[in-house]
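Protein chains: 2
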Amino acid sequence: MEQTKIFLNESEMPRQWYNLAADLPTPLQPPLGPDGKPVSPDMLAPVFPMNLIEQEVSAERWIDIPEEVLALLSKWRPSPLHRAYALEKALGTPAKIYYKNESVSPPGSHKPNTAVPQAWYNKQFGIKKLTTETGAGQWGSALAFACALVGLECKVYMVRISFDQKPFRKLMMQTWGATCIASPSSQTDPGRGILAKMPDTPGSLGIAISEAIWEAVMDKKAETRYSLGSVLNHVMLHQTIIGLEAKKQLEKAGVKKVDIVIGCAGGGSNFAGLSFPFVADKINGAKIDIIPVEPSSCPTMTKAPFVYDHGDTAKMTPLLPMYSLGHDFIPPPIHAGGLRYHGMAPLVSQAIVEGLLTPRAIHQLECYEAAVFFAKTEGIICAPETSHAIAAVIQEAKKAKEEGKEKVILFNMSGHGLMDLTGYEKFFAGQLVDYALPEEEIKKSLQAIEGLPKPSMAKTGKW
Amino acid sequence: MEQTKIFLNESEMPRQWYNLAADLPTPLQPPLGPDGKPVSPDMLAPVFPMNLIEQEVSAERWIDIPEEVLALLSKWRPSPLHRAYALEKALGTPAKIYYKNESVSPPGSHKPNTAVPQAWYNKQFGIKKLTTETGAGQWGSALAFACALVGLECKVYMVRISFDQKPFRKLMMQTWGATCIASPSSQTDPGRGILAKMPDTPGSLGIAISEAIWEAVMDKKAETRYSLGSVLNHVMLHQTIIGLEAKKQLEKAGVKKVDIVIGCAGGGSNFAGLSFPFVADKINGAKIDIIPVEPSSCPTMTKAPFVYDHGDTAKMTPLLPMYSLGHDFIPPPIHAGGLRYHGMAPLVSQAIVEGLLTPRAIHQLECYEAAVFFAKTEGIICAPETSHAIAAVIQEAKKAKEEGKEKVILFNMSGHGLMDLTGYEKFFAGQLVDYALPEEEIKKSLQAIEGLPKPSMAKTGKW
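As given, the protein sequences belong to chains A and B, one line each in that order. Letter 385 of the first sequence, counting from 1, is numbered 385 in this note's numbering, and no numbers are missing. Letter 323 of the second sequence, counting from 1, is numbered 323 in this note's numbering, and no numbers are missing.
With the rest of the complex left out, here is chain A (with noise of 0.2 Å):
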């Protein structure tokens, strides 16, 4: 019988996190103050605690993973490998297909991955509360988990009009003992700011983003956090064990060489799980194409510049190196939520910089097409987000046929989309259409972003 999972015992689990910092050609930019001068780490005191602005700023090339940390990621991780045969078979292709299957969480998806540490993290730092914005709830959901587990207060702003779409996601989060309050809220002064201005807002993540970090700072007792779920260096960090365990599973199945790696990209933070161990690989010569994958609608890596932008609408974060399509961008409303983001970490941004990566975007047809072949042949239903990366694995196996190569292709499989499933509803009654954001859009959304400084990529060039 052939081997369709390869496991790993949790004895077998990376002891340490990777750190891509260390290895990039060129270092990173420092994020930026809003007079233009780098931020420094006792500035983001406010926000984050300190042992995890560390390894936000840290340059080291390995980060030990608390052996707490690591019980309590015991409770779905290692997570299995998968080989892909149904999808090869029904493809008809020579390649070989992997995919690392992180819907296997309680709450569906890789998003644990760094929720667990950060709530353990802010336990140790003698946080009692963690403040979070939600858009489409995958992250408001993971971080009420790992607050239950770590033994955190946690309150969620999720966006008004996914509160009212989407009251799944808020019973989860309830369930784990978190509130969830529909945002903009009467509970802060961002939030009021903008109710008293527009009663009926359907709200934005930018505003969510606002409350959570006021309610955070605002606390007297500075017993607040708030945790962010991407785009952030320490997250990046968090979600390398993904791609640290592939490499030991790929191991154990017998595989010599990886010649591609996909993941979907939004903030950046499953694809950078998966990938980052084998862009150090590259870095060191390996010849491999690592591609993440975005949507036609919110092009973000392969049609916006690299440049310094805030993080959010409101601009209360910090300037970040990124791609970005401008912090005033509104994505167009159908689409995969968790890939609706005007940036990318800045981590995957200097690795494309640096050529060390070949950004894609597809079409949304496309991608619930590959996600409706892959429920019929693998039989996992992936979210929306997912998708883009199947999609991605699909043009490469088709085109590894046309060649005659037998290419390994390893994908993240991010997260089930069983709470997502309105979007295959639109999808099957013929309601989702194709949308490509048009330049004339790109360059008006861009306006956001003048007379920010710029990065220096001397290097490289590219500024």
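Hints may contain errors.
To be verified - What follows is a set of in silico ranges between Cβ atoms, one per label pair, in the way DEER data are often shown: (1) B/E369 - A/G430: 15 to 25 Å; (2) A/T422 - B/E2: 38 to 48 Å; (3) B/M43 - A/K89: 33 to 43 Å; (4) B/S58 - A/K89: 28 to 38 Å; (5) A/K315 - B/I161: 41 to 51 Å; (6) A/E369 - B/A59: 47 to 57 Å; (7) A/Q165 - B/E441: 33 to 43 Å; (8) B/I161 - A/A90: 28 to 38 Å; (9) A/T422 - B/P38: 42 to 52 Å; (10) B/G151 - A/L365: 35 to 45 Å.
As the list claims (entries may be wrong) - Beyond 12 Å from chain A on every Cβ pair, some chain B residues (computed): (11) I53; (12) K96; (13) P199; (14) K221; (15) A222; (16) E223; (17) G254; (18) D328; (19) Y435; (20) S445.
Derived by calculation from the structure, the hints in this document are not laboratory data. Quick reminder that beta carbons are idealized off the backbone N, C-alpha and C, glycines included.
Put chain B on the given structure of chain A with help from the hints.
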């Protein structure tokens, strides 16, 4: 670091299913036809393929699992065995609690363990299409998944009220390529008959079963068969892979003896799957408590008699020897959908009569409290059905604490509750009440079995 999960490699998967019928002290009573005479295998041929009928009537102890079925099951099996350290700690119990995590299957429950072999055996027999009914949607989505993997058409009659209230389940089936329609429908004689009399009926499982069987037997090419997700002997058989895996995993964990085995029981399949290999040990002299758990609102095992009764309301099925509240029983509307069945699997029923099992009924508020406690400690949001097993586990763990005994408790985490969060919502809103079925209701419901033959259980003297 303590080991939280015990994995098996695919090469360690059981190669045979265990058939309890071979070991029961008294032979199973046969199913009876409308004339009160035993039903012969060929009388079932229009409904089921002969290879499954052979399993249904088999008295062999071990039945080989075909290699191709093992390959399909390996898409998610072997399922992990978890040690519930966090739950034990929160309860302060000396008991060691283990659970099989069946929520890792793509449809999220134990149901595919039988859906996949049923689909495969039908395909082998030359069948082109399977029909079935579904209430809450758990079984219908599992069969849709299985039919996608083996390449069969699948038609699911879903009780209308659930069809309207749970559009996500329908979408899961659709994604796997199945057709899911509301029952009663205008596509079958039984459906048309009901609609003519009651155009606004919310439907029932009984009606849906009738429609599914009707479509199967009316196929002029005889290429359609019907599939049932619980109750029957071959369904129990397929589910024993759960308990057989658990035994191997407990051995790996160094557990010499299990003291208590617990599962929730509606039709009986997830309970049987985990427990039957341990029932075999008990028959051979092992001291072990084996507890099927049901809701107080549907107390089939704890309040009803062991009788011959029909499996469905419309009396289309043969008479089965089982504990039954009567085929006209209408369960109270608010409850775990999978535990509202009027009967109980004949194999489970007879094991109760033989004194091998000690059934227990629990109120729903205690079950939801247990579910929320489990989510906050172990991290998994369980199905409403599964919460009954967890409530019994907590009862036994507290008892072990009082007695100061280090017992080993094993239970079946039969599925996750991500598609069934409305029950949690009602619980949080204080809208759920405890309800035990009153004696007079039971008496009234049992009128349906008056005049039907009685099973002879001479050996135990119960009849």
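Status of the hints after comparison with the structure:
For the pair B/E369 and A/G430, the beta carbons lie near 45 Å from each other, so the given range of 15 to 25 Å is not met. Distance hint check for A/T422 and B/E2: the Cβ-Cβ separation is about 41 Å, which falls inside the suggested range of 38 to 48 Å. Checked against the hint of 33 to 43 Å, the pair B/M43 and A/K89 passes, with Cβ atoms roughly 39 Å apart. A beta carbon spacing of about 33 Å between B/S58 and A/K89 agrees with the range 28 to 38 Å that was offered as a hint.
Roughly 50 Å separates the CB atoms of A/K315 and B/I161, a value that falls within the hinted 41 to 51 Å. Under the hint 47 to 57 Å, the C-beta atoms of A/E369 and B/A59, about 49 Å apart, fit the expected range. The beta-carbon spacing between A/Q165 and B/E441, approximately 40 Å, falls within the hinted interval of 33 to 43 Å. At roughly 37 Å, the beta carbons of B/I161 and A/A90 sit within the given window of 28 to 38 Å.
Evaluation of the 42 to 52 Å hint for A/T422 and B/P38 yields a pass: the beta carbon distance comes to about 50 Å. At about 25 Å, the CB distance of B/G151 to A/L365 disagrees with the hint of 35 to 45 Å. For B/I53, the condition that its CB be more than 12 Å from all CB atoms of chain A holds, with the nearest at approximately 27 Å. Taking the minimum C-beta to C-beta distance to chain A, about 17 Å, the non-interface status of B/K96 holds against the 12 Å cut.
Distance to chain A confirms B/P199 as a non-interface residue, since its nearest Cβ pair spans about 26 Å, more than 12 Å. Listed as outside the interface, B/K221 is consistent with that label: its C-beta sits roughly 24 Å from the nearest C-beta of chain A, beyond the 12 Å cut-off. The beta carbon of B/A222 is kept farther than 12 Å from every beta carbon of chain A, the shortest such distance being approximately 26 Å. Against the 12 Å criterion, B/E223 stays outside the reach of chain A, whose nearest CB is about 21 Å from its own CB.
With a cut of 12 Å on Cβ distances, B/G254 stays outside the contact zone with chain A, its closest approach being about 14 Å. Every beta carbon of chain A lies more than 12 Å from that of B/D328, the smallest distance being close to 34 Å; the non-interface claim holds. Distance check on B/Y435: its Cβ is at least 22 Å (rounded) from any Cβ of chain A, clearing the 12 Å threshold; non-interface status holds. Listed as a non-interface residue, B/S445 keeps its Cβ farther than 12 Å from every Cβ of chain A; the least gap is roughly 33 Å.
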